[in-house]
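**Q** For my numbering, add 383 to where a residue sits in the sequence shown, where the first one is 1.
Honestly, the hints are just simulated from the structure, not real lab data. Quantities reported herein were computed from a predicted structural model and do not represent experimental measurements. The reader is advised that the hints may include incorrect statements.
Derived DEER-like restraints, expressed as beta-carbon distance ranges [as the list claims (entries may be wrong)]:
no., residue 1, residue 2, range
1, Gly613, Val523, 14 to 24 Å
2, Phe597, Leu643, 22 to 32 Å
3, Leu460, Trp654, 51 to 61 Å
Don't be surprised by glycine CBs; every beta carbon is placed ideally from N, CA and C.
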Amino acid sequence: MDLFQYDFMLRALVGALVIGLAAPALGIYLVQRRLALIGDGIGHVALTGVGAGLLLNRSPVLVAVLAATLGAIVIELVRARGRTSGDLALALLFYGGIAGGVMLVGLSDASSASLNAYLFGSLITTSAADLVTILVLGLVILVAMLALRPALFAVCHDEEYARVSGLPVRALNLLLAVATAVTVTIAMRAVGVLLISALMVVPVATAQQVTRGFRSTMAAAMALGLFAAGAGIWVAATADTAPGASVVLLAIASFLVVALVTAGRRALRRWSRPVGPPVAEPVADPPEHEVVLG
384 MDLFQYDFML
394 RALVGALVIG
404 LAAPALGIYL
414 VQRRLALIGD
424 GIGHVALTGV
434 GAGLLLNRSP
444 VLVAVLAATL
454 GAIVIELVRA
464 RGRTSGDLAL
474 ALLFYGGIAG
484 GVMLVGLSDA
494 SSASLNAYLF
504 GSLITTSAAD
514 LVTILVLGLV
524 ILVAMLALRP
534 ALFAVCHDEE
544 YARVSGLPVR
554 ALNLLLAVAT
564 AVTVTIAMRA
574 VGVLLISALM
584 VVPVATAQQV
594 TRGFRSTMAA
604 AMALGLFAAG
614 AGIWVAATAD
624 TAPGASVVLL
634 AIASFLVVAL
644 VTAGRRALRR
654 WSRPVGPPVA
664 EPVADPPEHE
674 VVLG
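Assemble the whole structure, with the sequences as input and the hints as a guide.
**A** Spelled out as structure tokens, the structure:
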């Protein structure tokens with residue numbers, strides 16, 4: 384029986400494909416800035432927003448967007464001012480976000496199943512309104528990352544050079560922070576706040592093994608993210624597994640396969656090199672102050 388004849392499975396597939404494209408398009412900039420784990424920190428802040436939404440009987444997704452955006456802006460301002468290290472700021476987001484989220488969810492009337500849906504994703508419960516939110520925000524993130532690629536690359540590669548060149552560095556950094564917060568929030572329904580960083584980082588790490596330029600790496604990462612998202616939903620539908628975990632495991636499997644193939648090709652190239660006769664090293668003339676005894 385074709386499970387994709389059902390509307391909820393089609394919504395899950397479309398939502399996953401959009402996120403599979405948008406997450407690596409943003410993640411390549413985070414990897415370039417060595418902020419691969421920022422998605423986890425912001426995800427924990429988004430969990431606090433989910434708990435607040437459940438407690439106040441408001442839309443958990445909308446409250447999570449506000450909370451995650453505020454947290455991303457705060458961490459960017461702290462990082463830019465240099466008052467504390469980026470690692471410490473991320474640690475504060477990790478621990479404060481998860482603690483606040485668990486406490487607020489506990490105070491609300493929500494069940495543990497509701498919390499698990501946001502922690503690990505639950506695309507099969509995505510409503511039509513949720514899908515519209517994912518599509519609109521996901522496409523906005525994707526268009527922004529592609530349209531502003533030269534400026535964002537300059538900021539991520541060398542912030543001082545970008546500032547000297549006249550680029551609005553502060554605004555671009557804030558844009559990346561807000562885009563990360565929005566991507567994490569909409570991806571909660573697909574892979575969950577605990578797994579979203581994997582979809583941002585793993586396709587980029589996989590593409591970097593076989594590409595050289597920034598543009599080709601970005602295109603390959605988006606293609607890998609699209610494959611992992613689509614194939615993950617198919618595996619989840621046929622094998623009755625968690626959609627988020629299936630997507631992430633397929634992304635990691637792709638990384639391992641590419642890593643093994645790349646290592647094998649390098650080994651074959653080393654073994655296939657012809658071994659020529661040893662080349663005698665030239666004898667250097669003795670220094671002028673040394674006496675050569677004949």
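**Q** Provide an ascending list of the numbers of those earlier hints which the structure does not satisfy.
**A** none
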